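Asker: For this one, chain F is given, so just place chain D on it according to the hints.
From first to last, the protein sequence lines stand for chains F and D. Residue numbers for the first sequence follow the numbering used here, so the first one is 1 and each next one is one higher. Residue numbers for the second sequence follow the numbering used here, so the first one is 1001 and each next one is one higher.
In case anyone wonders, no lab produced these hints; they're calculated from the structure. Source: prediction; values computed, not measured. Here a beta-carbon is modelled for each residue, glycine too, at the ideal position from N, C-alpha and C. Do not rely on the hints blindly, as some may be mistaken.
[Stated by the list, open to error] So the derived label-pair ranges between C-beta atoms look like this:
| no. | chain 1 | residue 1 | chain 2 | residue 2 | range |
| --- | --- | --- | --- | --- | --- |
| 1 | D | VAL1194 | F | ALA320 | 31 to 41 angstroms |
| 2 | F | GLY162 | D | VAL1194 | 50 to 60 angstroms |
| 3 | D | ASN1143 | F | GLY162 | 33 to 43 angstroms |
| 4 | F | ALA320 | D | THR1117 | 49 to 59 angstroms |
| 5 | F | ARG326 | D | MET1220 | 29 to 39 angstroms |
| 6 | D | SER1230 | F | LYS327 | 36 to 46 angstroms |
| 7 | F | GLN28 | D | GLU1239 | 55 to 65 angstroms |
[As the list claims (entries may be wrong)] Straight-line alpha carbon distances no greater than 35 angstroms define the calculated DSBU-like cross-link-like pairs of lysine-lysine that follow:
| no. | chain 1 | residue 1 | chain 2 | residue 2 |
| --- | --- | --- | --- | --- |
| 8 | F | LYS327 | D | LYS1132 |
| 9 | F | LYS244 | F | LYS36 |
| 10 | D | LYS1209 | F | LYS322 |
| 11 | F | LYS121 | F | LYS289 |
| 12 | D | LYS1132 | F | LYS322 |
[As the list claims (entries may be wrong)] Every beta carbon over 12 angstroms from chain D, so not counted as near; a handful from chain F, in silico:
| no. | residue |
| --- | --- |
| 13 | ALA15 |
| 14 | TRP209 |
| 15 | LYS232 |
| 16 | PRO261 |
| 17 | ASP262 |
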Amino acid sequence: MYTQGLDQKQKKSAADPADTPERLAAFQARIDAEEKIEPKDWMPSGYRKTLIRQMSQHAHSEIVGMLPEGNWITRAPTLRRKAILLAKVQDEAGHGLYIYGATETLGVSRDDLVADLLSGKAKYSSIFNYPTITWADIGTIGWLVDGAAIMNQIPLCRCSYGPYARAMVRVCKEESFHQRQGYEIMLELCRGTAEQKRMAQDALDRWWWPSLMMFGPSDKTSEHSAQSMAWKIKRISNDELRQKFVDVTVPQAEYLGLKMPDEDLVFDQKTGHYRFGEIDWQEFWEVLKGNGKCNRERLETRNRAHDEGRWVRQAARAYAEKQAARKAA
Amino acid sequence: MSKDQALIAYVTRMGDNAIVMAQRLSEWVGHGPELEEEMAMSNFALDYVGQARMFFSYAGELDGKRRSEDDICFLRDGWDYGNVLLVEQPNGDFGETIARLVLFETFYSLQLEALATSPATKLAEIAARAIKESTYHLRHASNWLIRLGDGTDESHRRVQNAIDRLWTYTAELFEADPVDQIMQSEWQGPDLTVLREHWHRQIDELLAKATLQKPEDGWMDSGGKGGHHSEHLGYILAEMQSMQRTYPGANW
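Excised from the complex, chain F in its bound form (with noise of 0.2 angstroms):
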């Protein structure tokens, strides 16, 4: 997942009463002891709204997710592939209720967290503000963006929140599904012709960097990490699992025989490690404010979406009630 821009600067709101210091060191030794905390248990407030914020943003980004991916289901190039995408976007369209089902233990309605995606209050992951040009960009959203979400979603099957660890682990199988899909067409790509393998090439130019974006910031400059791992929710910092996931899908890229867009790149005998590039933080924090080829357009399509589907809503609740009056009749 996609919890690239829970670390943005957030208004330091004032300090809850009942988040008393004995209330706090007990919560604290439940999470050390690896407990997990479950809906009914008292939380301290951060605790609840940091849930709220990662996993709220994760569904938000399951659900947005499904445009880009979407945008290829009518032109697969074979009905095989046509077939399996929709089983892969349906899957994550399972997730988002799935994860929305999750957050709404915490007390929160799912009605009003959609409601902030659709007003631009609350985020989702950057990575689906990318268009998909080619074929060959739904084989990278699956080997990259899938396996980048998967990198960070692993230590989250152990995140102090029960449900959402549980969540993880069904999310994790069927993500680790669509990443292999993912190479598989990548592979398909560059065992064709010319033109596939351009197909190819051009998609890792454009992912590749996105995808190591959606690490998150930098742990120097990454102010929600400390309390986060302290919590427990948060196992493995930005900067690791970038370094994880880079390491694991170099070799992969060289296996395709495609070239990685990143000229510093070099594998490090001392370390074990590949070293890469400086990343772009103006683009990132350009497309987290909003500023990338597809943010205005994925937030008008869900929109209209909603819009457009006001009066099935209406009509749906109308005629529950309508039912419930005449049984009570």
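Answerer: Just chain D, lined up with the frame of chain F:
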């Protein structure tokens, strides 16, 4: 036309109906009134893609020209597509998509049921498998038709308009051309006259539950089965076939 040729044409047409429905329903991804409905629509689309693959593969086996499911789907032009006009019509609003699903799936379920005992055993197998999906689609769409028909004034008006607009395409479902006739006489295909009666009975019942009026049969459009399509099919094919047409012979 030989009985084998009729079977090939018939199976291909069934694949055509399925894939065109899949394309239309896929358009709802990212645009549904509720997440649950986006999932339902993409789920149905996936079922239809699966059915299209089975029909096209079978047609490819039968005609012995070594055509794959993809050759049949992506390398034929509109005049060789034999889907009915009803399925290629634009989605319209959610109510119109539901209305089309109801009108088509009521027919399709009955058609599949009849084919499940055909001596063309492979066709019978596909039909038996597809009927489970079709039954579920029909139940879901029928529930929505009732909700929308008996929901608010606006939803009632919208879905009534949708039924009225689509009605002109329903007669084609029951027009028996030589392919249908040979299917009936040689392969125990459905008797479309009988099927029509069943269809009307089910639709009458459902429209009543949904507090909707059944339209009168006026001028009824047709031609799809024979490859005479509306303007819409060309765009569906242009979009669906673009990769195969731009990169001929590539593997994906």
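Asker: State for each hint whether it applies.
Answerer: Hint-by-hint comparison with the structure:
Under the hint 31 to 41 angstroms, the C-beta atoms of VAL1194 (chain D) and ALA320 (chain F), about 37 angstroms apart, fit the expected range. Distance hint for GLY162 (chain F) and VAL1194 (chain D): a CB-CB separation of about 58 angstroms, consistent with the stated range 50 to 60 angstroms. The hinted range of 33 to 43 angstroms is satisfied by ASN1143 (chain D) and GLY162 (chain F), whose Cβ atoms lie roughly 35 angstroms apart. Checked against the given bound of 49 to 59 angstroms, the beta carbons of ALA320 (chain F) and THR1117 (chain D), roughly 40 angstroms apart, lie outside it.
As the Cβ distance of ARG326 (chain F) to MET1220 (chain D) is approximately 37 angstroms, the hint placing it in 29 to 39 angstroms holds. Judged by the Cβ atoms, the range 36 to 46 angstroms given for SER1230 (chain D) and LYS327 (chain F) holds: they are separated by roughly 44 angstroms. In this structure, GLN28 (chain F) and GLU1239 (chain D) meet the distance hint of 55 to 65 angstroms, their C-beta atoms being roughly 56 angstroms apart. At most 35 angstroms may separate the alpha-carbon atoms for a hinted pair to count; LYS327 (chain F) and LYS1132 (chain D) meet this at roughly 31 angstroms.
Our distance criterion of 35 angstroms between C-alpha atoms is met by LYS244 (chain F) and LYS36 (chain F), whose separation comes to about 26 angstroms. A distance of roughly 13 angstroms separates the Cα atoms of LYS1209 (chain D) and LYS322 (chain F); the hinted pair therefore holds under the 35 angstroms criterion. Straight-line distance between C-alpha atoms of LYS121 (chain F) and LYS289 (chain F) comes to about 11 angstroms, which keeps the hinted pair within the 35 angstroms bound. Only pairs whose Cα atoms come within 35 angstroms are accepted, and LYS1132 (chain D) paired with LYS322 (chain F) is accepted, the gap being roughly 31 angstroms.
ALA15 (chain F), annotated as away from the interface, keeps every beta carbon of chain D farther than 12 angstroms; the closest lies near 36 angstroms. At roughly 25 angstroms, the least C-beta separation between TRP209 (chain F) and chain D is larger than 12 angstroms, which holds for a residue marked as non-interface. With a least CB separation of 30 angstroms from chain D, LYS232 (chain F) remains clear of the 12 angstroms interface cut-off, as annotated. No beta-carbon of chain D comes within 12 angstroms of the beta-carbon of PRO261 (chain F); the shortest separation is about 24 angstroms.
The Cβ of ASP262 (chain F) lies farther than 12 angstroms from every Cβ of chain D, with a closest approach of about 28 angstroms, so its non-interface assignment holds.
In this structure, the one hint that does not hold is number 4.
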